[in-house]
Structures are given as structure tokens and as C-alpha cells.
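All residue numbers for the sequence shown refer to the UniProt record's numbering, where the first residue is 1 and numbers rise by one.
Some clues are possibly wrong.
Below, computed lysine-lysine pairings styled on BS3-like, alpha-carbon distance capped at 25 Å [unchecked claim]: (1) Lys157 / Lys68; (2) Lys110 / Lys96; (3) Lys647 / Lys667; (4) Lys539 / Lys475; (5) Lys408 / Lys539; (6) Lys471 / Lys583; (7) Lys475 / Lys576; (8) Lys647 / Lys475; (9) Lys583 / Lys68; (10) Lys471 / Lys544; (11) Lys475 / Lys295; (12) Lys33 / Lys539; (13) Lys96 / Lys475; (14) Lys583 / Lys539; (15) Lys583 / Lys295; (16) Lys583 / Lys544; (17) Lys157 / Lys33; (18) Lys702 / Lys647; (19) Lys647 / Lys705; (20) Lys68 / Lys96; (21) Lys576 / Lys544; (22) Lys68 / Lys33; (23) Lys544 / Lys68.
Read the hints as simulated data drawn from the structure, not as lab findings.
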Amino acid sequence: LNEYSIIITVVAALSHPGICSLRSPQVLLVFAKEDSQSDAFWWACDRAGFRCNIARTPESAVECFLDKHHEIIVIDGRHSRYFEPETVCRLIRATKPSENTVILAVVPQKPPDQDEPSVLPLLCAGFSRRFVENSSVSACYNELIQIEHGEVRCQFKLRACHAIFTALEQCQEAVEITSEDHVIQYVNPAFERMMGYHKGELIGKELTELPKSDRNRADLLDTINTCIKKGKVSQLIHPSTYPSCNSLHHRDRRKDSIDARSLSSRGSDAPSLQNRRYSSVARIHSMTIEAPITKVINIINAAQESSPVTVAEALDRVLEILRTTELYSPQLASKEDDPHTNDLVGGLMSDGLRRLSGNEYVFCKNMSQSQLAIPITLNDVPPSIAEMLNDEECWEFNILELEAATHKRPLTYLGLKIFTSFGVCDFLNCSEATLRSWLQLMEASYHSSNSYHNSTHAADVLHATAYFLRKERVKNNLDQLDEVAALIAATVHDVDHPGRTNSFLCNAGSELAILYNDTAVLESHHAALAFQLTVRDSKSNIFKNIDRNQFRTLRQAIIDMVLATEMTRHFEHVSKFVNSINKPMASVNSDCEGQANNRNSPENRLLIKRMLIKCADVANPCRPLELCIEWAGRISEEYFAQTDEEKRQGLPVVMPVFDRNTCSVPKSQISFIDYFITDMFDAWDAFASLPGLVEHLSENYKYWKRLDEMKCKSLRPPPPS
1 LNEYSIIITV VAALSHPGIC SLRSPQVLLV FAKEDSQSDA FWWACDRAGF RCNIARTPES
61 AVECFLDKHH EIIVIDGRHS RYFEPETVCR LIRATKPSEN TVILAVVPQK PPDQDEPSVL
121 PLLCAGFSRR FVENSSVSAC YNELIQIEHG EVRCQFKLRA CHAIFTALEQ CQEAVEITSE
181 DHVIQYVNPA FERMMGYHKG ELIGKELTEL PKSDRNRADL LDTINTCIKK GKVSQLIHPS
241 TYPSCNSLHH RDRRKDSIDA RSLSSRGSDA PSLQNRRYSS VARIHSMTIE APITKVINII
301 NAAQESSPVT VAEALDRVLE ILRTTELYSP QLASKEDDPH TNDLVGGLMS DGLRRLSGNE
361 YVFCKNMSQS QLAIPITLND VPPSIAEMLN DEECWEFNIL ELEAATHKRP LTYLGLKIFT
421 SFGVCDFLNC SEATLRSWLQ LMEASYHSSN SYHNSTHAAD VLHATAYFLR KERVKNNLDQ
481 LDEVAALIAA TVHDVDHPGR TNSFLCNAGS ELAILYNDTA VLESHHAALA FQLTVRDSKS
541 NIFKNIDRNQ FRTLRQAIID MVLATEMTRH FEHVSKFVNS INKPMASVNS DCEGQANNRN
601 SPENRLLIKR MLIKCADVAN PCRPLELCIE WAGRISEEYF AQTDEEKRQG LPVVMPVFDR
661 NTCSVPKSQI SFIDYFITDM FDAWDAFASL PGLVEHLSEN YKYWKRLDEM KCKSLRPPPP
721 S
């Protein structure tokens with residue numbers, strides 16, 4: 001685009017049937033009271049497949065309209081004692097989106113002996129048309145269909161045209177629109193600048209009629225005219241050379257479709273398609289786009305040329321490894337003697353066998369706000385709970401006691417305390433009432449029937465996240481937006497979890513697995529549903545007062561952290577953290593200030609946030625022993641239940657060792673700690689300095705080892721005989 005300028009001639013474009021894509025209209029009914037007329041319009045919308053909202057007051061009507069941008073608004077004008085329909089209409093017309101909206105007034109029927117009232121007052125108030133009271137669903141349906149096929153479709157086309165012309169005006173390329181007879185209908189500013197004419201000199205004339213002078217590009221005019229006579233309609237012109245004509249693609253102009261032909265800056269009059277393809281390939285090979293891994297491979301290839309045979313052979317092996325796609329996933333040797341590790345790896349780090357059976361695993365979502373309890377305030381917290389929350393900054397904080405005291409609602413209480421201490425409401429510019437409603441909405445969307453993945457687990461992860469965020473080195477490397485994103489991500493990271501693994505959902509052919517293409521199914525669902533629930537109701541929308549750019553940055557950070565909890569990329573995240581954060585820190589000769597700046601880079605802050613939530617998500621083995629034992633029992637029970645269901649449904653059993661009749665819980669914990677936890681927490685401890693957690697991990701590991709040596713398969717040793 002820096003080297004070329006474009007002149008595009010569009011023939012009969014605006015009459016093209018595909019100029020805009022029509023979607024199903026949205027309808028807003030403004031009725032103070034529900035009656036047969038409002039019901040008739042509601043059912044008419046349902047029959048027509050239109051989305052419909054109802055507002056009872058002028059204020060709620062305007063608020064709803066500004067939120068949804070309805071194409072059709074029906075205002076009840078029969079009973080002025082509730083509101084003045086003209087006033088409501090003017091309020092809506094005062095908003096910018098209403099210029100594309102059809103507003104219908106419902107007027108009362110008049111006795112036959114009375115004159116028909118004038119529609120002028122309605123039109124002056126901003127109404128588009130009127131509808132005489134008729135509670136027949138068919139009559140309402142016919143009215144809506146006529147509006148949709150008439151005014152609404154015209155408005156869609158006008159909006160599409162407006163969007164096109166806005167784009168053309170801003171376009172840096174020269175654009176000209178003509179009729180089929182080559183009479184100029186429109187030129188954009190770039191065309192005026194390139195050709196040296198003013199718009200007034202061009203509109204309504206053919207290019208051949210334009211006067212030529214020193215200030216005009218007569219050479220370009222001649223070229224365009226020559227190409228138009230040959231049937232060329234879209235020209236690509238180099239600003240410094242006289243082009244020749246290259247036809248890229250052509251459709252008959254007589255079919256009211258858009259012709260597109262091009263001129264290149266070089267080449268013969270009619271180069272073949274094959275020649276053009278070769279030149280394209282040559283340009284691709286000359287590009288400077290090169291991925292970091294490509295640079296590494298090129299360096300190794302160059303080094304091989306001057307290396308001894310043994311070194312060259314070793315580098316060949318290195319290249320083989322680098323060319324694989326799973327650079328960060330360890331290649332496991334067969335561990336027939338350790339089925340627990342094999343099953344954990346298979347169950348947590350794969351997306352199932354990709355075998356879609358006839359079975360569908362569907363779970364509920366979208367808890368309604370009406371099911372939630374009345375919001376509480378931080379000052380209204382019962383004394384016993386408030387006393388527990390005083391210890392929330394301590395790693396030994398007992399989340400299970402809070403679960404019992406709050407009747408399985410720990411997330412709301414703990415969330416209020418932690419979010420307040422981190423100033424989240426101030427950062428988001430939202431009220432405490434909005435935060436309370438949001439926390440309750442999120443908590444209600446967790447499944448209390450799950451033994452592990454419930455709101456207590458979310459509260460536990462939130463507690464660990466807050467604990468990590470308060471550590472000095474973490475605090476120094478993240479800004480407040482990072483902290484807020486981490487706290488929100490921890491709160492929602494398992495929302496609506498069904499108590500089954502990704503592998504199970506893929507094997508069961510669940511709706512979610514199909515929706516997310518068997519890839520990070522649950523994590524994608526948690527992130528998507530959290531935002532859907534949040535923005536659905538203003539009362540619980542904690543993001544409603546932040547600006548668009550800040551919201552996008554915050555949203556991206558939250559999504560990235562939630563997706564980081566998916567275990568298939570576990571080793572990739574840990575390895576990147578070790579190589580980008582730990583190793584530079586450990587370098588004796590590194591400049592301290594340089595290290596700090598490097599860690600504060602956006603890329604490294606991303607790695608820190610991912611590692612933070614990953615460790616918070618699986619921190620159970622690092623908790624005090626009693627908490628560790630309880631969490632081990634809960635996750636085991638959830639896996640047992642999954643195995644039971646897989647057997648009932650005839651699905652592949654993802655983790656066969658988690659059979660409640662034969663499983664050794666100590667062995668499963670040992671395998672989990674060995675394979676996933678130790679290295680990750682060693683790396684996290686080296687960065688965040690968490691000696692207490694490492695000590696708990698060591699003690700808990702010894703506990704499970706003792707049970708395993710006793711051949712004990714349960715959570716606790718048998719009582720002495």
C-alpha cells in the first residue's frame with residue numbers, strides 16, 4: 001500500500017442484492033400495563049422470529065433501547081394517564097441510534113361516526129406510522145412483517161451504504177463510482193488528490209469529458225479511459241510509472257455485479273495467470289517475516305556446515321526436536337508400573353479420544369438472578385464469619401470452616417473482603433452493591449453438587465491468588481489492572497463446571513465439546529459464560545463504568561488467565577516461566593535493573609500471571625495437612641463419579657485407576673505431586689519466595705508416602721488395632 005495507489009470503479013454497486021446482510025429485527029414494546037394488545041404483539045414477534053423486549057416506563061424504554069438498538073419500537077398510545085406516547089417517542093428520537101429505527105404508535109379505535117384523526121401530530125413527534133388497536137395476533141404479525149419488509153430493510157440498506165461511504169471517505173486509495181454508462185456518481189478525497197480535480201468538476205460527467213490542464217493527471221485519465229473501453233473496471237496504478245493492463249478477474253457488467261480488473265506497474269499487456277502466480281510466490285519468499293523458531297533453525301543449519309561430524313549429527317537430532325509441534329510437552333516413556341501417573345496425564349492433558357458417541361452430556365447454566373439471596377454488605381457480615389475473615393491474609397486460612405459457616409457460600413463473603421482490600425470497586429468505578437450482586441451471581445453459577453469443582457474451590461483459588469499478589473516480588477512486577485484481572489479470573493475460572501473432565505465431555509459428544517471443537521472446552525466455557533452472565537444485567541455488571549479500551553485489556557487478561565488453567569499446556573507455561581523469569585534472575589552476572597525491566601515487559605508479566613493462577617488452582621498439596629487431605633478426598637470422589645458414569649454410558653474410561661473399589665488415593669496424590677506440582681512450585685517459590693508452602697508440600701508428600709508404604713489406599717491410616 002505504500003508503493004501503490006488504487007483507483008476502483010464500481011458499477012451499480014448499491015443495487016447489488018448482497019450489499020447488506022439482514023439480521024432478524026429486534027422489537028421493543030413500550031406498554032405500561034400488560035393487556036391483550038401487548039400480548040398480541042409479543043406472540044406476533046414470536047411467530048415472526050423477532051427478538052422482543054418489553055419496557056413499562058419511558059426511562060426503562062430509553063435505557064433498553066440504548067442497550068439493544070431495536071429496529072422496531074411499538075409504543076402504546078391508547079392510555080395517556082400512564083405516559084405521553086409523544087414524549088416517549090421524542091426521548092427515543094433524541095438518541096443517535098434512533099435515526100435507523102421504525103417507531104409505531106398504537107392508537108385507540110374510534111367510533112364509526114367520528115372523523116379519522118390526523119397523523120400529523122404523531123409524525124411530528126417522531127413516529128414512523130400508526131397501528132389502530134387490534135388484539136388479533138395475525139393483525140399484529142402482518143403489521144410487523146410489512147414493517148420488516150419495508151422500512152426496516154430500507155434502513156438496513158441505508159446503514160450499509162452509510163458504512164460503505166464512511167469507509168470510502170477515509171480510504172487512502174482513490175475510489176470512483178460510476179453508472180453503467182461511465183457517468184461519475186461519486187469520488188472520494190483520495191481520488192480528488194490523485195487526479196487534481198474537485199468533486200464538483202467530476203460528478204455527473206464521464207471521464208472522457210473532463211478538461212485537461214497542467215494541474216490534472218492527464219496521463220492517468222488516458223490510461224483509465226483506455227482500460228474502460230476494453231472492459232477494465234478496477235485499476236491498480238503505480239504513481240511513478242505508466243501501467244499496462246492486467247486482468248485479475250472479470251464478471252459480465254451486464255449482470256449488475258461488480259467488475260474488477262487491475263493494472264500492474266510492470267509487465268506485459270497480458271501476462272498469464274501462471275506468470276502472476278510465480279511473481280506472487282517470489283514476493284512471498286522475499287518477505288522478511290520470520291518466526292523466532294525459524295531463526296533458531298537457520299542458525300543451527302549454518303553452524304552444522306562448519307562442525308565436526310559428531311556435532312553435526314547431534315545438531316540434526318536437535319533440529320528434529322525443534323520441528324515438532326509439541327516443544328513443551330514431555331515425551332513420556334511407558335510407565336506400566338505407575339498407572340496412576342499414566343491415567344492422570346491421560347485424563348488431564350488430553351482432550352479425550354475424539355470419539356463422539358450418541359450420548360450427550362449437557363449440564364445446566366444461566367442461573368437466574370431471582371434465585372439469589374438478598375445481597376449483604378461487608379458491614380452486615382455475621383460476627384463469627386467476620387472473625388474468620390480477619391485471617392484471610394494468612395496461608396493457613398481454613399476455607400472449609402468458612403464454607404460451613406456460610407452454608408456453602410464462601411465465595412461471596414471472601415470475595416467481598418479480598419476485592420475490597422485490593423480496591424477493585426475503585427478501579428472498576430462500580431458500587432459495592434454491584435460487586436455483591438456479581439459475586440452472588442458467580443457463586444450461584446457454580447454447582448454445589450460437585451464434590452470438588454464448586455464455589456468453595458473458587459474461593460480457595462481466590463484466596464491463594466490474593467496471597468500470591470501480596471508477595472513483594474509479585475506486587476513489584478504487576479500493575480493494578482493485572483491484580484484486578486487475576487482476582488476476577490480466580491473467581492470465575494471454573495464457573496458452571498459440570499464435575500467432569502474435558503476428556504469426558506469430548507468422548508460424550510457434549511454440546512460444549514462440539515461448540516469449542518474439543519479444544520480447552522471447559523476453560524473456554526468458563527471464560528465465555530462469566531462475561532455473558534456479567535454483562536447480561538446492569539445490576540451485576542462490574543464492567544459497565546470502565547472505558548472500552550480498558551475493558552478490552554482487562555477482558556483479554558482475564559481470558560488468558562482462565563485458559564492458562566487448562567492442563568494440556570501445563571509444561572509449556574512452566575517451561576516458559578523458568579526460561580524467561582527464573583533463569584535470568586539466577587544469573588550472577590546479570591544487571592539487577594535490567595532484570596527488573598525485563599520482568600516488567602508485557603510478555604513476562606503475562607507469564608507471571610499465568611503461573612500465578614496455575615499455582616493457585618492446584619495449591620491443595622501445599623496447604624496444611626488437614627486441608628490437603630480433605631481436598632484430596634473431594635477430587636478423588638469427583639473422579640470416581642466420572643468413572644462410574646463412563647461405565648454406565650459405555651464411554652471410554654479416561655482414568656481407570658480412579659475406580660472407587662480399587663483406587664489408591666495416596667498413590668494418585670504422589671503421582672500428581674511428582675509429575676505436576678513439585679517442579680512448578682519450585683519455580684514459583686524461586687520467584688515469589690514461598691518457603692511455607694514448600695514446607696507444607698514436603699510434609700504432605702511424606703504423609704502420602706507413609707500411607708502408600710503401609711499399603712493403605714484410603715485418605716487416612718487405619719486406626720490402631
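Okay, the hints, checked on the actual structure:
Restraint check for Lys157 and Lys68: the C-alpha separation of about 19 Å stays at or below 25 Å, so the hint holds. Taking the CA atoms of Lys110 and Lys96, the gap is near 34 Å; set against the 25 Å cutoff, the hint is violated. Taking the CA atoms of Lys647 and Lys667, the gap is near 23 Å; set against the 25 Å cutoff, the hint holds. Between Lys539 and Lys475 the alpha-carbon distance is near 31 Å, which puts this suggested pair outside the 25 Å criterion.
With a C-alpha separation of about 23 Å, the suggested pair Lys408 and Lys539 falls inside the 25 Å cut-off, and the hint holds. Of the supplied pair hints, the one linking Lys471 and Lys583 holds, its CA atoms being roughly 20 Å apart against a limit of 25 Å. Taken as a hint, the Lys475 and Lys576 pair is honoured in the structure, with Cα atoms around 20 Å apart against an allowance of 25 Å. Distance restraint check for Lys647 and Lys475: the Cα-Cα separation of roughly 47 Å exceeds the 25 Å cut-off, and the hinted pair is therefore not satisfied.
About 51 Å separates the Cα atoms of Lys583 and Lys68, which puts this hinted pair outside 25 Å; it is violated. The straight-line distance between the Cα atoms of Lys471 and Lys544 is roughly 30 Å, outside the 25 Å bound, and the hint therefore fails. Between Lys475 and Lys295, the direct Cα distance comes to roughly 35 Å. Violation of the 25 Å bound is thereby established for this hinted pair. Of the pairs offered as hints, the one joining Lys33 and Lys539 holds, with about 24 Å between alpha carbons and a cut-off of 25 Å not exceeded.
Using a Cα cut-off of 25 Å, the hinted pair Lys96 and Lys475 is violated, with the two alpha carbons roughly 44 Å apart. For the hint linking Lys583 to Lys539, the alpha-carbon distance of about 46 Å lies beyond 25 Å, and the restraint is violated. Between Lys583 and Lys295 the alpha-carbon distance is near 22 Å, which keeps this suggested pair within the 25 Å criterion. Distance hint between Lys583 and Lys544 is unfulfilled; the C-alpha atoms sit about 41 Å from each other, more than 25 Å.
Annotation: proposed proximity of Lys157 to Lys33 is violated, straight-line Cα distance about 35 Å (limit 25 Å). Our distance criterion of 25 Å between C-alpha atoms is broken by Lys702 and Lys647, whose separation comes to about 34 Å. Straight-line distance between C-alpha atoms of Lys647 and Lys705 comes to about 30 Å, which puts the hinted pair past the 25 Å bound. Restraint check: the Cα-Cα separation between Lys68 and Lys96 comes to about 13 Å, which is no more than 25 Å; the hinted pair holds.
Distance check on the hinted pair: Lys576 and Lys544 sit about 35 Å apart at the alpha-carbon level, beyond 25 Å; violated. Distance check on the hinted pair: Lys68 and Lys33 sit about 22 Å apart at the alpha-carbon level, within 25 Å; holds. At most 25 Å may separate the alpha-carbon atoms for a hinted pair to count; Lys544 and Lys68 meet this at roughly 15 Å.
Checked against the numbered hints given earlier, this structure breaks hints 2, 4, 8, 9, 10, 11, 13, 14, 16, 17, 18, 19 and 21; the rest are met.
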